[in-house]
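Colleague: Next come the chains, spelled out residue by residue.
Protein chains: 2
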Amino acid sequence: MKPYQKITKDIIQKLVDILGEKGVSTDPDRLVQYERDEGVEREFFRTPDAVVYPTTAEDVAAVLQLANTENIPVIPRGAGTGLEFGAVANTYGGIILSTEKMNRILEVNGEKMYMVVEPGVRTADVQAAAKAQGLLYAGDPCSGDSCFIGGNASTNAGGNRAVRYGTTRDQIYSIEVVTPLGQITRLGSRLKKVSTGYPLEKIVIGSEGTLGIITKLVLKLVPLPKYSVNVLAIFKTIDDAMSIVNALPKAGIEPTCLEFMDNDSVRVTEKFLGEKQPHSDIGNYMIIQVDSNDEDRIDDLCVALDELCHDHGAIDVFVADAERIWKVRKNFSEASTTDSPIMVMEDFVVPADELADLLKELEKISADQKTPVRSVAHAGDGNLHLDILKKDIPDDQWPAKVEAFEKAAYDAVYRLGGRISGEHGIGEKRKNLMAHYTDPVELALMKAVKKAFDPNDILNPGKIFDVE
Amino acid sequence: MKPYQKITKDIIQKLVDILGEKGVSTDPDRLVQYERDEGVEREFFRTPDAVVYPTTAEDVAAVLQLANTENIPVIPRGAGTGLEFGAVANTYGGIILSTEKMNRILEVNGEKMYMVVEPGVRTADVQAAAKAQGLLYAGDPCSGDSCFIGGNASTNAGGNRAVRYGTTRDQIYSIEVVTPLGQITRLGSRLKKVSTGYPLEKIVIGSEGTLGIITKLVLKLVPLPKYSVNVLAIFKTIDDAMSIVNALPKAGIEPTCLEFMDNDSVRVTEKFLGEKQPHSDIGNYMIIQVDSNDEDRIDDLCVALDELCHDHGAIDVFVADAERIWKVRKNFSEASTTDSPIMVMEDFVVPADELADLLKELEKISADQKTPVRSVAHAGDGNLHLDILKKDIPDDQWPAKVEAFEKAAYDAVYRLGGRISGEHGIGEKRKNLMAHYTDPVELALMKAVKKAFDPNDILNPGKIFDVE
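Going line by line, the protein sequences match chains L and P.
Residue numbers for the first sequence follow our numbering, so the first one is 6 and each next one is one higher.
Residue numbers for the second sequence follow our numbering, so the first one is 6 and each next one is one higher.
It is possible that part of the hints are untrue.
When chains are identical, the list treats them as one kind, so a pair holds in a single copy or across two.
25 Å max Cα-Cα, derived SDA-like pairs, lysine to any residue [claimed, not checked]:
hint, residue 1, residue 2
1, Lys395, Lys452
2, Lys106, Ala457
3, Lys136, Ala252
4, Lys27, Gly115
5, Lys456, Val472
6, Lys231, Ser297
These are calculated hints, taken from the structure and not from any lab test.
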């Protein structure tokens, strides 16, 4: 462990001098609320030494300046809905810097189609504020009702519409950032093209709070499509379902969402909701959302999708009730953990055209290792959430089971040109995988960049990788 | 000037040991071909001390390792079609590393829609290889017939289709890079989403050869739209023409190209080509290309464009002959320099919705300072190529005229949220502007990142900025 300083009374007083009494907490009852995120692995739970609640960029800058002077880690945190313990203290200790009081929507410019927000605004509120002006904020993580926009930026969150609109990075024009040394700057611009130095915002976004604390975001808004339809295509085999992933772009169809649920996922969600789902006995689902401003175009797309899916072996294709089908998709995660409280959720990502092959390999690994799995996927962008299930496996054999499965699975993922995480990030939890699977030259460059931004390794140290 | 070593006979011999006799030149007749790019300012011309022609990434790595050992600058260069002297030696001296012998198309995968190329492939050949498989490589700089794909990546070239498809960065899945220290790595992946560490390829691309030498590129291909139409809308005023820039996205029309030419630009090109152009007496042109796979949709778009442009004051709107209208657009640059051999071409970029305001401000500056200008713009992405013309201005007053004009113009650009360069880069020529207009914290971060990649400041030193 690095020789960081402990949080003393003197330091707490200095924090209070910056933020006021209400801006600092060392109350154990309060601190325990920050010991975890939505991840379930108890070995990563850790109570921080203090939590601070800045309300301005200047507050954040002052805290970071103090942290550099005093040699104390600062862990930025949004709503705590992450899964990889990126916003939780680790063995280095330190202060949690919560953005929950920086929660204002500062401007919605309908004319110029952008929005300025602080990092602690809930993503659902961003979406609603855009919609109120007839516009769309295209970022749409499944946790939208609870997560913060700052956290979305921090992990480069993906979600359901990424296949069409890209990830969170693509929704951000510019950010106000406090650097690890406590300086305030703005990175990026409201430009569609620019060749004026290095676009550093592109690496600060997605850096899981290791390269800077985002204190303001200028978000891109797009026209809200007038018409939207959700087609549910049901396939007897995973392979048939997957075959449409490549067929769609070739047919010139650009879906807004393309979500896959395997049969076991459908069944576990059916049970959880207590609502019969179509063809749940054998069906693997592909939810295809298409949008357009042109009603005729939507009709044409429905016809084309019907034909294309049937050509690829669908047993049923129909226009689904949007609320109903998305309820199934969005309740899967809770349904799965309810059914199998002990499990590991993966966030594999491979090129979309390799997803079918990955699923075949995983099926084989599952059979070989007698480890049951179920999967849902943001199929259009090759992002697979595989749940590895602890069923009929004794407690003491479970860690070894997971390790063996992951070894084989990640080998397959990387062989297919994939990466560890599509949208959840690396955090504390997956940094061993990061160290193992990343090209050493690339990893050394990442560490050099981290040192360039944060010479004292103060900001969220030990997340993604250890610099030394 | 930094204490770089001079190129001695001993060093030339070491380069020959790496690359063979054919891989190294110190022939003065050869060297002089590398003294400039397409920029015209003689003060930036500089003959390099040697030129090397690697053919593999290993060659490039060995040259860079030697350069670090011997403390010699290396300037990577593609086809030399840049305009800001980014690929030309500066006062630090050094070796030009030309990618012209790394010119193979290694793979075109029509099924998975990607292409693997070396950096010295001409962009037009990339486009043709994609088209041969019924696919589109969407990058389309105006210099496509002569520039190299590696140079496009280096400057993050924009071009005519950027409004729809983005810039060169958006066309690249991954790159093989030799780092400034001479290590080979791969950055990026063929993934639509990823949250696995810092996406360093996004800053190496567009770094004008300061963060690495790209030795291989995996390019994104997209389906070639079946139908394409070019509408020419002619407006009496620049203001009317500009008013459609924001109107189009609001009407749900996503053009593939949206090119503006002011009346003077139309006239100078008409004269150059010797071909009468419609309404050239008063017309400001907006060329609007729309693509679709659906023939009916194209018809609908033409009707919608006709109505929208007339509503915004167009005096004529018609479907133009594609070859003919693009001939006008693409010959503008040569026409302008033929008419006004002494001029300065700017690469301003502002938010597209601020372009109308920028043009108004520039008109005022032009009138106030009695300095004539003409402009063409990639209007859909706010990128304006303004030519500042030396007419009736004595030679000795010209530099001061340019300086005064640029001062006022860049102040306006930055006030409107813009940047120095939309697509040409900073190079050697605009680094003073870069130093003046960039936020000091942001600039310091860029320099820190440069040092992280290139601790000895060997690779293209002094381009974009001086690190010290």
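Colleague: Could you run down the list of hints and mark each one as holding or not?
Modeller: Tested hints:
1. Taking identical chains as interchangeable, the C-alpha atoms of Lys395 and Lys452 are never at most 25 Å apart, the minima being 36 Å within one chain and 50 Å between chains.
2. In the homo-oligomer, the alpha carbons of Lys106 and Ala457 never lie at most 25 Å apart, since the shortest distance is 29 Å inside one protomer and 35 Å across protomers.
3. For the identical chains of this complex, Lys136 and Ala252 are inter-copy neighbours only, at 19 Å across copies versus 32 Å inside a copy, given an alpha-carbon limit of 25 Å.
4. Taking CA atoms no more than 25 Å apart as the test, Lys27 paired with Gly115 passes in neither setting, with 36 Å inside one copy and 60 Å between copies.
5. Taking CA atoms no more than 25 Å apart as the test, Lys456 paired with Val472 passes in both settings, with 8 Å inside one copy and 17 Å between copies.
6. Both within a single protomer and between protomers do Lys231 and Ser297 lie at most 25 Å apart by alpha-carbon distance, with minima of 6 Å and 19 Å respectively.
Hint check: violations occur at hints 1, 2, 4; the rest are consistent with the structure.
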